[in-house]
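Chemist: Here's the letter readout for the chains.
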Amino acid sequence: MSMLSTGRPTRPDATVSTDAHATLTGGEGLLQHEPLIFELGGWDKTGVDLPPVPDALGADDLGDLVRAEPIGLPGLSEPETVRHYVRLSQQNHAIDLALYPLGSCTMKHNPRLNEKMARLPGFADLHPLQPVSTVQGALQLIDELAHWLKTLTGLPAVAMTPKAGAHGELCGILAIQAAHRARGDAARTTVLVPTSAHGTNPATAAFVGYQVQEIAQTVDGRVDLADLEAKLGSHVAAIMVTNPNTCGLFERDIREIARLTHAAGAFFYCDGANFNAIVGRVRPGDLGVDAMHINLHKTFSTPHGGGGPGAGPVVLSEALAPYAPTPYVTHGPGGFELVEEDALAFGRMCAFNGQMGMFVRAYAYMLSHGADGLRQVAEDAVLNANYVKARLSAVMTPAFPDGPCMHEALFDDRWLEGTGVTTLDFAKAMIDEGFHPMTMYFPLVVHGAMLIEPTETESKAELDRFCDMVTALAGAAKAGDVARFTGAPYHAPRRRLDETQAARRPRLKWTPSSPEAVAAE
Amino acid sequence: MRYLPLTPDDRSQMLAVIGAPDIDALFVDVPAEARLPGPVDLPHVQGELEVERHLSRLARRNRTAGEGPFFCGAGAYRHHVPATVDHLIQRSEFLTSYTPYQPEIAQGTLQVLFEFQTQVARLTGMEVANASLYDGSTATAEAVMMAARITRRTRAVLSPGLHPHYAATVRTMAEAAGLTVEALPMAVDAEAEVLGALDADTACVVVQTPNLFGTATDVTKIGEAARAAGALMIVVTTEAVSFGLLKSPGAMGADIVAAEGQSIGNGLNFGGPYVGLFAVREKHLRQAPGRLCGETVDAEGRRGFVLTLSTREQHIRRDKATSNICTNSGLCALAFSIHMSLLGETGLRQLAALNHARARTLKAAMAALPGVEVLTPRFFNEIAVRVPGNAADLVETLAGNGILAGVPLSRLAPEAGMDDILLLAATETTLDTDIQILSRAISKVLAP
Ligand SMILES: Cc1ncc(COP(=O)(O)O)c(C=O)c1O
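Sequences listed follow chains P and F, in order. Under the working numbering, think of the first position of the first sequence as 1, with each following residue one higher. Under the working numbering, think of the first position of the second sequence as 1001, with each following residue one higher.
Incorrect hints may have been included.
Partial chain P-side listing against chain F, Cβ under 8 Å, derived [said to hold, decoys possible]:
hint	residue
1	Ala166
2	Arg283
3	Gly354
4	Phe400
5	Arg496
Since the hints were made in silico from the structure, they are not lab data. Here a beta-carbon is modelled for each residue, glycine too, at the ideal position from N, C-alpha and C.
Whole structure, please, built from the sequences with the hints as guidance.
Modeler: Below, the structure written as structure tokens:
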């Protein structure tokens, strides 16, 4: 071994094996294993310096309304807080780290300009109930964003307040319910939903009391028109169809779907979660859609934040527009107005004015792209997905090989037959290779589904890196390297987690496990 | 376009691999008559500078809460959020990750959710809390739907002090689902009136403390009476900092707690995004909406966290799910949890005491004004006052003088016949001088 004059080795000793040296702390180099805040012992610590309370006995007017029992909340100093959360953050995958091909989720780049704009005090430090005269810029932003959404979808109205896609679905279905009621039509008790639909569609319809009936799918992954026609009738309030659908395919017969639906006196709710595939190239209003939510946290790139928040504005046709919920923005003689009461409106989706923080981000994203850039978004998203489909069809079995897909490529698990490797195993092995797995086992209509959505913000190099990885892994699976999959992941912050145990004996909060811990608390 | 990495050369190479002559070939399934020939009629691509310029211009057309004396509350509160909170939530790994569906590479988010659930359960005094809902108002609506499922009854009674937006949100969702909602006429201090409206169909009573008028109420007896009648008590709180001073809803016998968590860690943001806190008794857990994070072990026996009990949720149960919620308020819950960790019990109690002290100063100042009557008997950080004449006009006039002088009740409930009532909140951000300026300005406007 070569040494410095001080005796310090200058070259690693290659004879020492790297495995089988579990660390003494449980940490792994840069990856620190971090206890819960409840185990860090800061029961009387605080990371904020507040001025003294002027009147120490200030709360005596509250009598026995005052909380007597301890709350049990640990505190951390500021440096400890920073470490705790930075350490935790490093146990997450993120779009900023690598391709995140979760189908149906549209994990695209989140521009930091949008974060900066949303934090302008002129938007972030506004109270929702300030006098309307003091928030004209905020109302103008909502109005301009609404104009973009209406123009891009070709529909005349938009309800801005829904807080996510599912909330938008609820808004759309409530508008449809109100429109039927206004016609005195109380007999429509059913909503038709394809088997391939996202779970929020049937859940939404059922939540407000509709029977949900499934529409069959054709062998080429589209709504079965004959089945739809057979199931439509005077009992049907609406159909909820995703387009492009959850198989990543454009509903070719969409105008016929709309025609049949309208002929039966029902409304066409379109789940617009996949609008990214067609934004700027197709307007849902031209396809016969009556209502469609737009996940601003998908198509318009507001960050997912580990599960939310999102925003789900709903564009509405002429027939549904009068029933849009309050509040909404209008132009008045003295500027923008906020309409809080409207006799025709079906009601209110939530307190206040919707997800303003998300509106600013989405609008910054739209302004950045412009009409031309957004069209390019759809084209590149579709191109990337078809490229992945073309490359991976060499090693996997595409669920719908004929014709192009839209923004996502769907594979089934036929190609894994006989390998002893499941879709889940394959997904977990992708983690070891540094990628987030694709959406698995959704949509339900395809066996062992693997739904890959690369989005337009991936470079060809990153797509190639991904496809090379999947190709190599597929080779390993077919070559019988089963343990690589069934035991995966090996290189993540955790090995595979026991979900059965979690559900059988739910532990949903920290509780002190030892008498010392109880005493310390 | 700066967010699009593909070059023209990449595009043609990729089309060749696909075997498509051009990009239009990938859109063949779109009906020909619906294909747009070119970009829609909207402005074209813009650089960062131009976008910033446009949005900054819009931002400047608003009077921000921090610009001068500020007293708005009524469901959204201006608190100081430590700089650390906003820094940490912008970590790529928190900001740009999805719902933790792959727990092995989402332990950061999952551990945060587990800590958040524990914090919320302890703050509310309840057995279990979920991983957040959209906001306090939708959480209240979900609570009502949940109570109807548990009791198999069809009627909800809303208290006279429930925030009108919350009442409207509940009504919208519950009535569409076939439930009956009875909202009692608004009153400053009458939460217990829900008991007079109880009947054999009543699934739940919804009470708010501190309520819209700021009144804090011990709802213990309301809960007992409701349960004796076979109904559940849902306790709503719109100001989460109050948990640091007031008896918890759980200690007062709440069956479900629906609260707005915005006050901790989250800015005003003109009304959203906020974070709905939702906590229940363990025996009702399987009827709860939303995601739950639970503890488990990995293949090597190490502790880890996963999303669990998802057989309640839409992606598994579809039309039998307890709710349709999918995306929730994850990042706002993270902000809440970080701020809560910084505060700790010590900091939260002091913050709450400080809020109460500021409101006492505000109350004394208002009570000293001739013609102004303070209506709220017991309060946390918010009071209702009666002013001579129209409160909305007063607020508009004071806004012209640079003072955001609270929320006129008529803004929330135009038909309540309470046009002379003004809701005023004070927090740790309220200065004594702000209160003096407000007092002086009101007396000047009211002076004959
Ligand atoms: C097809 C589809 N529909 C609806 C939703 C629901 O949207 P959200 O999560 O915003 O409520 C999703 C997102 O997960 C989706 O993929």
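Chemist: For each hint, tell me whether it holds in the structure or not.
Modeler: Evaluated hints:
1. This hint holds: Ala166 (chain P) has a C-beta 4 Å from the nearest C-beta of chain F, less than the 8 Å allowed.
2. Here the hint on Arg283 (chain P) is kept, as its CB sits about 7 Å from the closest CB of chain F, short of 8 Å.
3. At a threshold of 8 Å, the smallest CB-CB gap from Gly354 (chain P) to chain F is about 6 Å, leaving the interface hint in force.
4. At about 11 Å, the closest approach between the beta carbon of Phe400 (chain P) and any beta carbon in chain F exceeds 8 Å, and the interface hint on this residue is violated.
5. The criterion of a C-beta within 8 Å of any C-beta in chain F is met by Arg496 (chain P), whose closest approach is roughly 5 Å, and the hint holds.
In summary, the structure is inconsistent with hint 4 from the numbered list given earlier, while agreeing with all the others.
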